[in-house]
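*Asks:* These are the residues of each chain, in order.
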Amino acid sequence: MTIAVVAVQGAFIEQEQRLQELGVDCIELRKKEDLEQPYDGIVLPGGESTVQGKLLKELDMFDTIHKQIQEGMPVFATCAGLILLAGELENDTRSYFKTLPVTVRRNAYGRQLGSFHTEQEVKGIGVIPMTFIRAPYISKVDSKVEVLATVEEHIVAVKYKNQLAMSFHPELDEDVRIHQKFVEMVKAYNSQSFEPLDEKIG
Amino acid sequence: MAENRYGLNKQLAQMLKGGVIMDVTTPEQAKIAEEAGASAVMALERIPADIRAAGGVSRMSDPKMIKGIQEAVSIPVMAKCRIGHFVEAQLLEAIEIDYIDESEVLSPADDVYHIDKTKFKVPFVCGARDLGEALRRINEGASMIRTKGEPGTGDVVQAVRHMRMMNSEIAKITAMREDELFQEAKELQVPYDLVQYVHENGKLPVVNFAAGGVATPADAALMMQLGAEGVFVGSGIFKSGNPKKRASAIVQAVTNYTDAKLIASLSEDLGEAMVGINEQEIELLMAERGK
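Top line first, the protein sequences correspond to chains A and B.
Letter by letter, the first sequence follows residues 1 to 202 in this note's numbering.
Letter by letter, the second sequence follows residues 203 to 493 in this note's numbering.
The set of hints was computed from the structure by calculation and includes no laboratory data.
Treat the hints with caution; some may be incorrect.
Stated by the list, open to error - What the simulated footprint calls covered on chain B by chain A, stretch by stretch (three residues with Cβ under 8 Å from a Cβ of chain A suffice, anywhere in the stretch; the number is not a length):
no. : region
1   : 212-218
2   : 316-330
Stated by the list, open to error - Below, computed lysine-lysine pairings styled on DSSO-like, alpha-carbon distance capped at 27 Å:
no. : chain 1 : residue 1 : chain 2 : residue 2
3   : B       : K447      : A       : K57
4   : B       : K446      : A       : K32
5   : A       : K57       : B       : K463
6   : A       : K32       : B       : K447
7   : A       : K32       : B       : K463
8   : A       : K98       : B       : K233
9   : B       : K463      : A       : K31
10  : A       : K67       : A       : K98
11  : B       : K323      : B       : K212
12  : A       : K57       : B       : K233
13  : A       : K31       : B       : K446
14  : B       : K447      : A       : K31
15  : B       : K446      : A       : K57
Cβ coordinates follow ideal geometry from the N, Cα and C atoms, glycine included.
Sequences are here, hints too, so could you generate the full structure?
*Replies:* And the structure:
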């Protein structure tokens with residue numbers, strides 16, 4: 001199994017380290033030619049969404065990755081990655097892949113002084129450590145979206161078809177169970193043909 | 203400062219990696235920087251090249267001007283305080299700055315002591331010319347390090363020297379026998395546990411950026427190939443002929459810092475680069491401030 005980590009900016013190395021701990025091979029996507037290699041899943045890491053979104057478009061990678069997500073390739077997104085997937089942003093006019101039918105509020109906890117660490121239940125996994133860095137949260141979800149975790153009444157983790165997205169950073173803590181869940185999604189995708197996203201959203 | 207808060211502050215620096223942090227003096231410049239792909243902006247009244255030209259004492263910026271920039275952009279906003287001026291740092295914390303740069307670019311307020319950064323909730327980045335300076339700043343509570351370079355000169359030579367120095371000292375410690383680390387800690391004037399961390403991990407315990415004199419996409423890529431985890435660009439952008447285009451080119455060069463073909467094309471038609479001052483022509487060596 002090979003997982004491609006978008007590596008245009010941000011904490012992509014941390015994602016690779018967690019996945020490698022699970023015995024998964026990783027490649028980095030930095031430019032268009034990198035997309036020609038075979039891979040089974042995509043990780044959209046934390047960082048600055050404005051920078052990542054802009055670079056994906058400028059480096060001519062955006063459309064290919066967009067198509068792969070629409071066709072059902074599993075994708076795992078944290079923080080900035082969640083913003084890139086969101087159907088709508090509550091406090092920003094920018095938009096990116098729009099494949100995940102949720103509304104996201106950027107910098108929802110304020111500036112760095114609002115960053116925090118907590119532990120909370122994630123559906124089907126148990127209590128896990130959660131690190132929020134200038135994090136967004138999900139303010140609205142489509143009825144088809146499965147809510148996996150909430151912190152103080154705000155949704156912070158969701159799954160929709162083959163998209164797993166959260167506003168915190170599981171890659172910054174030692175617990176690999178979220179990454180394990182993603183790896184299982186990729187395995188399931190590899191062993192059966194998955195229905196593509198049929199409707200356009202956003 | 204709670205252990206937890208220091209961890210969160212180091213982690214914000216991790217999110218900035220692979221990015222470019224740009225000096226801006228107005229909300230308009232901040233917007234240009236954000237649109238060009240800056241991963242954070244440094245709000246200051248005068249960029250280093252102008253501070254150098256104007257001379258005199260240079261201090262923390264007007265909080266109102268910093269707030270204007272905080273309102274203009276959604277990316278993290280940093281600001282500088284003078285070395286040792288813990289009250290300027292308190293004011294920056296009061297307006298909820300995302301990162302404080304205790305910076306040699308401003309006139310030092312204390313020629314002996316740096317700020318005790320462990321007393322603050324907001325994170326600090328500090329400049330360093332070598333491993334000893336870097337570890338001393340980390341011991342004082344810095345959660346991110348950058349090379350000092352020589353700000354406002356457009357000359358990358360000092361940033362290169364500082365990065366190479368740090369790399370070679372790290373390599374030396376990595377290769378040492380464990381019983382040699384005690385003496386090394388004594389020589390670097392830092393606690394043993396920080397030297398032990400470097401020995402075991404072959405890197406600093408915090409993110410390390412390059413700063414000082416970066417003016418072109420090639421300069422930025424040079425610093426990345428030398429091991430920087432990201433780049434600060436000060437005067438290099440808004441002192442150049444076409445700030446928007448240059449900023450955007452530097453951002454792309456940092457992402458694909460080994461792709462010479464791409465960087466060559468990014469370097470075309472950027473307009474005039476900032477006028478540089480050679481090391482020998484400098485009257486004021488800012489990197490000598492705060493050791």
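*Asks:* Next, verify each hint and record whether it holds.
*Replies:* Hint-by-hint comparison with the structure:
Beta-carbon proximity to chain A at under 8 Å applies to 5 residues in the region 212-218 of chain B; the threshold of 3 is reached and the given coverage holds. Only when three residues or more bring their CB closer than 8 Å to a CB of chain A does the claim for the region 316-330 of chain B stand; here the count is 3, and the claim holds. Simply put, K447 of chain B and K57 of chain A have alpha-carbon atoms about 16 Å apart, close enough for the 27 Å limit, and the pair holds. Between K446 of chain B and K32 of chain A the alpha-carbon distance is near 23 Å, which keeps this suggested pair within the 27 Å criterion.
Restraint check for K57 of chain A and K463 of chain B: satisfied, since their Cα atoms lie roughly 19 Å apart, inside the 27 Å limit. About 21 Å separates the Cα atoms of K32 of chain A and K447 of chain B, which keeps this hinted pair within 27 Å; it holds. A distance of roughly 13 Å separates the Cα atoms of K32 of chain A and K463 of chain B; the hinted pair therefore holds under the 27 Å criterion. Restraint check: the Cα-Cα separation between K98 of chain A and K233 of chain B comes to about 24 Å, which is no more than 27 Å; the hinted pair holds.
Taking the CA atoms of K463 of chain B and K31 of chain A, the gap is about 12 Å. The hint holds against a cut of 27 Å. Annotation: proposed proximity of K67 of chain A to K98 of chain A holds, straight-line Cα distance about 12 Å (limit 27 Å). This hinted pair checks out: K323 of chain B and K212 of chain B have alpha carbons roughly 12 Å apart, not beyond 27 Å. For a cut-off of 27 Å, the pair hint linking K57 of chain A to K233 of chain B stands: about 19 Å separates their Cα positions.
About 22 Å separates the Cα atoms of K31 of chain A and K446 of chain B, which keeps this hinted pair within 27 Å; it holds. With a C-alpha separation of about 19 Å, the suggested pairing of K447 of chain B with K31 of chain A holds against the 27 Å cut-off. Using a Cα cut-off of 27 Å, the hinted pair K446 of chain B and K57 of chain A holds, with the two alpha carbons roughly 17 Å apart.
Comparing the model with each earlier hint shows no violations; every hint is respected.
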